[in-house]
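Trainee: Respectively, the protein sequence lines represent chains A and B. Position one of the first sequence corresponds to residue 11 (my numbering), numbered consecutively onward. Position one of the second sequence corresponds to residue 11 (my numbering), numbered consecutively onward.
Honestly, the hints are just simulated from the structure, not real lab data. None of the values given here were measured: they were computed from a predicted structure. Careful: at least some of the hints might be erroneous.
Pairs count within a copy or across copies, as identical chains cannot be separated in the list.
[As the list claims (entries may be wrong)] 20 Å max Cα-Cα, derived EDC-like pairs, lysine to aspartate or glutamate:
| id | residue 1 | residue 2 |
| --- | --- | --- |
| 1 | 43 | 341 |
| 2 | 83 | 381 |
| 3 | 107 | 258 |
| 4 | 83 | 106 |
| 5 | 43 | 391 |
| 6 | 92 | 27 |
Number of protein chains: 2
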Amino acid sequence: MALKLMPPPEASDAARDAAAVSEIAAQILAMGKSARAAASFLALAPAETRNRALLAAAAAIRNRRGEILDANKQDMAAAQQKSLSAALLDRLKLDDKRVEATAKGMEEIAAFPDPLGTVLAEWARPNGLTIQRVRVPLGVIGIIYESRPNVTADAGGLCLKSGNATILRGGSESFHSSRAIHGALTDGLRAANLPAEAIQLVPTTDRAAVGEMLRLNDYIDIIVPRGGKGLIERVQNESRIPVIAHLDGNCHTYVDGAADPAMARQIVLNAKMRRTGVCGATETLLMDRRAIAQLPSILNDLAAAGCEIRGDGETRALDPRVRPASEADWDTEFLDAIIAVKVVNGVDEAIAHINRHGSHHTEAIVTDDGDAARRFIERVDAAIVMHNTSTQFADGGEFGMGAEIGISTNRLPPRGPVGAEQLTTYKYVLRGSGQTRP
Amino acid sequence: MALKLMPPPEASDAARDAAAVSEIAAQILAMGKSARAAASFLALAPAETRNRALLAAAAAIRNRRGEILDANKQDMAAAQQKSLSAALLDRLKLDDKRVEATAKGMEEIAAFPDPLGTVLAEWARPNGLTIQRVRVPLGVIGIIYESRPNVTADAGGLCLKSGNATILRGGSESFHSSRAIHGALTDGLRAANLPAEAIQLVPTTDRAAVGEMLRLNDYIDIIVPRGGKGLIERVQNESRIPVIAHLDGNCHTYVDGAADPAMARQIVLNAKMRRTGVCGATETLLMDRRAIAQLPSILNDLAAAGCEIRGDGETRALDPRVRPASEADWDTEFLDAIIAVKVVNGVDEAIAHINRHGSHHTEAIVTDDGDAARRFIERVDAAIVMHNTSTQFADGGEFGMGAEIGISTNRLPPRGPVGAEQLTTYKYVLRGSGQTRP
Numbered sequence: 011m012a013l014k015l016m017p018p019p020e021a022s023d024a025a026r027d028a029a030a031v032s033e034i035a036a037q038i039l040a041m042g043k044s045a046r047a048a049a050s051f052l053a054l055a056p057a058e059t060r061n062r063a064l065l066a067a068a069a070a071i072r073n074r075r076g077e078i079l080d081a082n083k084q085d086m087a088a089a090q091q092k093s094l095s096a097a098l099l100d101r102l103k104l105d106d107k108r109v110e111a112t113a114k115g116m117e118e119i120a121a122f123p124d125p126l127g128t129v130l131a132e133w134a135r136p137n138g139l140t141i142q143r144v145r146v147p148l149g150v151i152g153i154i155y156e157s158r159p160n161v162t163a164d165a166g167g168l169c170l171k172s173g174n175a176t177i178l179r180g181g182s183e184s185f186h187s188s189r190a191i192h193g194a195l196t197d198g199l200r201a202a203n204l205p206a207e208a209i210q211l212v213p214t215t216d217r218a219a220v221g222e223m224l225r226l227n228d229y230i231d232i233i234v235p236r237g238g239k240g241l242i243e244r245v246q247n248e249s250r251i252p253v254i255a256h257l258d259g260n261c262h263t264y265v266d267g268a269a270d271p272a273m274a275r276q277i278v279l280n281a282k283m284r285r286t287g288v289c290g291a292t293e294t295l296l297m298d299r300r301a302i303a304q305l306p307s308i309l310n311d312l313a314a315a316g317c318e319i320r321g322d323g324e325t326r327a328l329d330p331r332v333r334p335a336s337e338a339d340w341d342t343e344f345l346d347a348i349i350a351v352k353v354v355n356g357v358d359e360a361i362a363h364i365n366r367h368g369s370h371h372t373e374a375i376v377t378d379d380g381d382a383a384r385r386f387i388e389r390v391d392a393a394i395v396m397h398n399t400s401t402q403f404a405d406g407g408e409f410g411m412g413a414e415i416g417i418s419t420n421r422l423p424p425r426g427p428v429g430a431e432q433l434t435t436y437k438y439v440l441r442g443s444g445q446t447r448p
Numbered sequence: 011m012a013l014k015l016m017p018p019p020e021a022s023d024a025a026r027d028a029a030a031v032s033e034i035a036a037q038i039l040a041m042g043k044s045a046r047a048a049a050s051f052l053a054l055a056p057a058e059t060r061n062r063a064l065l066a067a068a069a070a071i072r073n074r075r076g077e078i079l080d081a082n083k084q085d086m087a088a089a090q091q092k093s094l095s096a097a098l099l100d101r102l103k104l105d106d107k108r109v110e111a112t113a114k115g116m117e118e119i120a121a122f123p124d125p126l127g128t129v130l131a132e133w134a135r136p137n138g139l140t141i142q143r144v145r146v147p148l149g150v151i152g153i154i155y156e157s158r159p160n161v162t163a164d165a166g167g168l169c170l171k172s173g174n175a176t177i178l179r180g181g182s183e184s185f186h187s188s189r190a191i192h193g194a195l196t197d198g199l200r201a202a203n204l205p206a207e208a209i210q211l212v213p214t215t216d217r218a219a220v221g222e223m224l225r226l227n228d229y230i231d232i233i234v235p236r237g238g239k240g241l242i243e244r245v246q247n248e249s250r251i252p253v254i255a256h257l258d259g260n261c262h263t264y265v266d267g268a269a270d271p272a273m274a275r276q277i278v279l280n281a282k283m284r285r286t287g288v289c290g291a292t293e294t295l296l297m298d299r300r301a302i303a304q305l306p307s308i309l310n311d312l313a314a315a316g317c318e319i320r321g322d323g324e325t326r327a328l329d330p331r332v333r334p335a336s337e338a339d340w341d342t343e344f345l346d347a348i349i350a351v352k353v354v355n356g357v358d359e360a361i362a363h364i365n366r367h368g369s370h371h372t373e374a375i376v377t378d379d380g381d382a383a384r385r386f387i388e389r390v391d392a393a394i395v396m397h398n399t400s401t402q403f404a405d406g407g408e409f410g411m412g413a414e415i416g417i418s419t420n421r422l423p424p425r426g427p428v429g430a431e432q433l434t435t436y437k438y439v440l441r442g443s444g445q446t447r448p
């Protein structure tokens, strides 16, 4: 009965909320079902068709630029009224350059090699059976993100490239911008005769929709949260669907006693200050006591670049600008122009500190001592370990993978940068000639 | 205060239960911490040392045979008193042959190539950075299993081979047997100077221990449940740790119109009846209407082998022994001498039935038509798809992977048989010469 779905005005708030949730649940369920159907279709679409859709989407983003920018103005006006932070407003804002970069991103994804169909391994058994491990799409991917509207295009494009259907759930701040970009993606799908349901956008800002997605394990195969720690923790705790999560990037740079001093200065400054809001930014500097003579110039560089320095006793003794570091600082992803500095006794103490306080994301050693580098690479427990370079290279594009959907801190694969290839799985194909098992 | 941990006899049942749970929680936490320490050690132990421990464990299993069989007698006596089913008693029972097979299993695991350290991919970037993807252990694996005591050795051995520490939680029915086998594994670790905490067995049958393990996400990296559907569903619902799960094996064999009749008969009989209690056993036979003339002899073979047949109308019309199949039968993993039979119109209807009712485990087509086979292999959504062979080959050993811990029905890797290699992950190693990111 209609009354059940739409309670009259005199119904209690609780009843009205329940009705709204059940309506959202029905909507998300319907999206899941049509996504599953689209996924079956997409898995069989040739690479050429998927790429054609990506290129047509790029053209449609350019065609719809005016519409996208108007939609973004609506979002920006609402955000300014809600007094969102400057950083958030910057993430939300679109301009000609950003729209063009979004279109270009689609073309770059199209140009990448097809991840599907690759035979990853192949062998024969003594009984004559042949076995192949073949790369296939994951199925339906649910993506839950926050303010950046361009994630709509990046995530939708990567899923399309890898033959997956996707259900996108953008942040409420970027609702209109995401909807306009999503319109361009659907144009692209239609131009290539692919089902429009291959990339769907949840058409409500109600937070209940997220909960419904996390329960839809019959129709969504993988959930990818992209955003702040709060979102990711909520998703990890609530989801009944496997999650590709990107937790903290509490990254360290360790300057060993055998480091080249000039290289160490350049790397530390870049690792911390190139961009402070990215997950690969160094948050703690570990200085080998043998290299302590180099520390003043490193601290100088950082302070000159506007970095707040929080150090242990030895570091503070070297520079009056250094404030005392608290215990919590060793565990903090500042995502800001702040660095914690600690003096350690050689590579083993650095490794122990990192394995205790790090978030298994990206860790770097600067040294000319091959043994120390080997020891660090072997013993540090992280998705990415680096020797003589900047933790800011923790990025799918810098790895040469093209666009990425994030950096996975899962232990099970995919670990590290997640591009189109990492949004796939495999199946085993056995071919015989009538073999039965004894 | 002692009172808090050990309430006096007059305390309420609830208080006593709470104290017991907090004691178990403390115990599992302590196991997790020592497992983490052992994992760091193990990850660096050379293959030769891990293999030495496996061989010493095999010898210890043989040495302790009397002790293991005595412990098993205790378990069997308790199980008989609880009137467990014959199938369960058979799974629980150890004899000389099974103990020898367990020891041999350890030797086979030792003989396999080392899965660790392999460079899975390697490339260079235009800026001179080199990138490697290197195979490393997962860390600490929690394994929760039911009645088969030999899982203690298989699971412990596979984790050791792959450099992972493990916390084993066996079923209460096999408690004494598992403890005796675990004693032999610890002998093996000691003989190779590896920490005994590398393989730990939860020393209580209290079910609260499982809940505590599932919450220990700081110290356990992966949970592998091995047992019935109830256990796996509980683990999937409760776990805050990623799960490598093996859900249903509702497998199908589709006999196409272009199948070789003799091959089809042999494959169907083997796929269903070789062993009915394994996950790779065929549960539903799909017959192409064009091949219906072959169905009577196939039904005859099955009936003669003692198989109950539940069929659709067309099947029932061919053989009076066929009972009517219910809708639920198409979704049921019988794990017994029962088969559901349905007549379909060619490969596309077979694929549609499988993708709707199957459990994405193992699916087979019998045909001499290459196009039909290709279509089936491409479109069926399962971890393992087979052409002209028996679904009973769904087994890590038969794949040539050595022992397996189960067959994963996860979509994300590891998917399919999980051997030592699948109990690993990778990390990225970047080597530079001072590169900073522009």
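Trainee: Would you pick out the hints that fail for this structure and give their numbers low to high?
Mentor: Hint check: 2, 3, 6 fail, others pass.
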